[in-house]
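Residue numbers (numbering that gives the first Met the number 0), protein chains in the order written: chain F, 0 to 498; chain V, 0 to 217.
For the record, the hints were derived by calculation from the structure and aren't laboratory data.
Hints are not guaranteed to be accurate.
Interface residues of chain V toward chain F, partial, derived using beta-carbon atoms under 8 Å [to be verified]:
hint, residue
1, Ala50
2, Gly86
3, Arg186
4, Leu188
Because the structure is a prediction, the values reported are computed rather than measured.
Every residue gets a Cβ at the ideal spot worked out from N, C-alpha and C, and that includes glycine.
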Amino acid sequence: MIAARTLGVTGLALCLSTTLGAQGASRRELVWGGDAEGGAPFVEADPANPSRVRGFDVEVAERIARGLGGEGRTARFVQVQWSNLDQSVERGDFTLGLSGVEDTPVRRTRHAVTIPYFEFREVLAVRPEDAGRIHGLADLRGRRVATLGATIAYDLLVAARDSTGLIPLSYDDDVHPYADLVRGRVDAVLLDHIIAQRALRRSGGPGGAFVIVAQPVALGYYVGVLARADSALRDSVDAVLREAMRDGSLEQIFRRWDVWDPSQGALFDRVLRTDRAPKAAGAARAISAIAYLPSLAGAAGVTALVSLLSMMLAVIVGLGLASSRVYGPVWLRVATTVYIELIRGTPLLLQLFVIYYGLAGVVRLPAFLAAVLALGLNYAAYEAEIYRGALEAVPRPQLEAARTLGLSELQILRLVRGPQALRFALAPMTNDFVALLKDSSLVSVITVVELTKETAIYATNVGSWVVPGALCAIVYLAMSLPLARLARRLERRWGGRAA
Amino acid sequence: MSALLGIAGLSIRYDSRDVLRALSLEVARGEIVALMGPSGVGKTTALRAVAALQPFDAGRIVVDGFALEPGPVPPESGLTPLRRRVGLVFQGHALFAHLTALDNVTLALRHVLGQTRDSAEALATKLLASLDVGARADAWPSQLSGGEAQRVAIARALAPDPHLLLMDEPTAALDPARRSALGATLRGLCEQGRGLLVATHDAEFARAHADRVVLLTA
Numbered sequence: 000m001i002a003a004r005t006l007g008v009t010g011l012a013l014c015l016s017t018t019l020g021a022q023g024a025s026r027r028e029l030v031w032g033g034d035a036e037g038g039a040p041f042v043e044a045d046p047a048n049p050s051r052v053r054g055f056d057v058e059v060a061e062r063i064a065r066g067l068g069g070e071g072r073t074a075r076f077v078q079v080q081w082s083n084l085d086q087s088v089e090r091g092d093f094t095l096g097l098s099g100v101e102d103t104p105v106r107r108t109r110h111a112v113t114i115p116y117f118e119f120r121e122v123l124a125v126r127p128e129d130a131g132r133i134h135g136l137a138d139l140r141g142r143r144v145a146t147l148g149a150t151i152a153y154d155l156l157v158a159a160r161d162s163t164g165l166i167p168l169s170y171d172d173d174v175h176p177y178a179d180l181v182r183g184r185v186d187a188v189l190l191d192h193i194i195a196q197r198a199l200r201r202s203g204g205p206g207g208a209f210v211i212v213a214q215p216v217a218l219g220y221y222v223g224v225l226a227r228a229d230s231a232l233r234d235s236v237d238a239v240l241r242e243a244m245r246d247g248s249l250e251q252i253f254r255r256w257d258v259w260d261p262s263q264g265a266l267f268d269r270v271l272r273t274d275r276a277p278k279a280a281g282a283a284r285a286i287s288a289i290a291y292l293p294s295l296a297g298a299a300g301v302t303a304l305v306s307l308l309s310m311m312l313a314v315i316v317g318l319g320l321a322s323s324r325v326y327g328p329v330w331l332r333v334a335t336t337v338y339i340e341l342i343r344g345t346p347l348l349l350q351l352f353v354i355y356y357g358l359a360g361v362v363r364l365p366a367f368l369a370a371v372l373a374l375g376l377n378y379a380a381y382e383a384e385i386y387r388g389a390l391e392a393v394p395r396p397q398l399e400a401a402r403t404l405g406l407s408e409l410q411i412l413r414l415v416r417g418p419q420a421l422r423f424a425l426a427p428m429t430n431d432f433v434a435l436l437k438d439s440s441l442v443s444v445i446t447v448v449e450l451t452k453e454t455a456i457y458a459t460n461v462g463s464w465v466v467p468g469a470l471c472a473i474v475y476l477a478m479s480l481p482l483a484r485l486a487r488r489l490e491r492r493w494g495g496r497a498a
Numbered sequence: 000m001s002a003l004l005g006i007a008g009l010s011i012r013y014d015s016r017d018v019l020r021a022l023s024l025e026v027a028r029g030e031i032v033a034l035m036g037p038s039g040v041g042k043t044t045a046l047r048a049v050a051a052l053q054p055f056d057a058g059r060i061v062v063d064g065f066a067l068e069p070g071p072v073p074p075e076s077g078l079t080p081l082r083r084r085v086g087l088v089f090q091g092h093a094l095f096a097h098l099t100a101l102d103n104v105t106l107a108l109r110h111v112l113g114q115t116r117d118s119a120e121a122l123a124t125k126l127l128a129s130l131d132v133g134a135r136a137d138a139w140p141s142q143l144s145g146g147e148a149q150r151v152a153i154a155r156a157l158a159p160d161p162h163l164l165l166m167d168e169p170t171a172a173l174d175p176a177r178r179s180a181l182g183a184t185l186r187g188l189c190e191q192g193r194g195l196l197v198a199t200h201d202a203e204f205a206r207a208h209a210d211r212v213v214l215l216t217a
């Protein structure tokens with residue numbers, strides 16, 4: 000299970016290798032895909048040479064490559080985002096996906112999946128003061144439990160939502176759930192034991208900021224994933240894995256990376272005794288489109304609410320900024336210009352992280368509020384420029400005519416300049432709102448599950464983007480098209496009055 | 000006749016270029032004075048200076064006892080007496096595009112003079128009718144002809160009942176019949192005791208309708 004968006008450098012070579020893919024592979028190569036963002040011990044950029052990767056999955060891939068065919072092959076790594084491994088392997092970007100890939104019934108149905116080579120435990124992490132009373136999901140009624148989205152752990156939490164009343168929170172990475180546990184934003188984290196132990200080491204080790212509950216919530220297995228059409232090659236890979244289990248080379252790899260434990264030996268025994276792999280964990284079948292609709296509707300509601308509140312904030316702050324630029328003293332004009340350029344010149348994603356995680360030491364904002372603030376303050380900069388342009392587009396003679404009639408500056412703004420500027424600003428404002436509607440998908444990185452995130456979770460569940468993508472697009476269009484229509488109607492109505 | 004407007008030695012420079020040099024003139028109550036001269040000679044600039052839209056470098060302007068001095072234009076809060084005394088009709092009319100003809104005229108009545116909507120609309124309707132555009136009260140500026148827009152602009156400038164009316168190139172977009180009608184309208188305003196300073200390069204109009212002509216030379 001890998002998706003940590005840490006700032007590890009994966010190197011230009013990793014990116015370039017992605018573009019080559021499996022199509023460019025020679026017969027002596029095994030092109031395999033993984034996500035180096037996930038970090039050690041799975042796959043990480045080698046600190047000594049960032050153009051290379053290392054980790055137990057890297058060594059498993061190399062072991063498999065060596066065992067294939069008569070003289071074996073060499074393994075070539077392709078960087079792929081973890082959540083896209085299944086789609087990429089079917090596209091032919093690489094031959095074998097290995098990166099903490101979980102064994103699930105859906106994956107087995109849709110792809111050629113190897114035998115399991117590692118058994119992991121889904122474990123809860125809680126703050127030390129809760130360790131005495133939280134022993135499982137049943138003890139988390141009404142509590143917020145974080146995990147990585149589109150994983151077995153997430154499916155477990157969603158299934159437990161109805162039975163125990165806990166609140167599942169989906170993250171895009173496996174680092175911030177633990178950071179938020181320590182900060183008190185969430186009450187527990189459910190993830191693979193390897194990831195939990197890594198996070199514990201980073202936070203200072205046992206006796207540190209959180210503890211791992213001894214009793215696992217569930218067991219799962221890491222497997223390799225190949226394209227459905229590659230079942231023959233999958234059988235060869237299975238044979239190599241069995242050989243590696245027998246000759247001890249797989250155990251050596253896991254020991255080198257300090258992830259070996261007795262349960263792995265037991266897994267090897269079970270796998271070698273029988274041709275059948277252990278039963279995969281997780282949801283028994285993919286969720287149907289109809290069953291998915293309520294989740295889609297709920298997520299669409301979140302998208303609409305986040306967008307609406309953000310736009311309201313953007314309009315209010317944008318008006319203030321624009322007025323400051325048009326009417327303010329020099330120092331205020333400079334300050335607003337700096338704000339606008341700073342916001343427009345940096346990515347919204349960065350601003351989301353700064354507001355949610357960066358400010359957490361000062362003020363611990365709820366995720367929804369942080370999302371609205373980040374989107375609203377970002378779009379305020381763009382709105383401000385629209386309003387400034389609109390205010391300056393009102394013909395100067397009209398403003399002078401208003402002045403000669405004795406209207407004050409405030410009256411001129413309220414009665415003459417503002418109403419006309421609003422008409423000029425309407426079309427670009429509508430464009431911005433539609434853009435904001437779509438940009439709101441970024442807030443999933445701070446745990447707000449909105450339409451796109453829900454769709455991604457569903458797509459991962461069913462192993463295809465076709466139906467989820469179409470449904471998602473329809474909902475976005477259903478929200479954005481009426482907006483554009485309303486704007487056109489208002490423009491027509493007001494346009495008839497234009498001089 | 001007592002002078003309603005007195006301009007003495009008015010000079011304005013732009014980028015070390017003299018736009019106006021020592022202009023002096025007077026406008027009495029009941030008098031139409033035409034300010035003539037070739038394009039670019041400073042006619043509009045002079046009107047803008049009288050309406051306190053334009054700073055001037057030297058000289059003095061007195062409107063019905065209210066004096067403007069050289070230097071930056073004073074803040075609006077200090078110009079209230081002037082705003083009550085002077086109305087300006089812009090060359091392009093500068094009607095508020097988002098308001099009907101009637102609302103253009105009632106704006107100052109309601110929001111500067113504090114009249115109720117009913118009383119403002121009654122007065123505005125009367126003003127528009129007196130200028131022969133009563134039937135166009137509900138039209139948007141974009142729906143008005145050049146002549147109609149000009150008369151609505153005159154009605155808007157007259158609404159606060161100024162003593163002095165400044166007009167910039169009022170005949171620019173008018174046919175001969177309309178020019179003649181405008182002349183009659185202006186004469187009517189004079190007979191109500193107002194003074195008019197009209198910037199124009201229309202010699203025929205000035206000859207026919209002005210009491211005096213002040214000629215500016217480059």
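Here is how each hint holds up against the structure:
1. Ala50: 5 Å, holds
2. Gly86: 7 Å, holds
3. Arg186: For V:Arg186, the interface hint is violated, since the closest Cβ of chain F sits about 23 Å away, which is over 8 Å.
4. Leu188: The hint is violated - V:Leu188 has no Cβ within 8 Å of chain F, the shortest such distance being about 17 Å.
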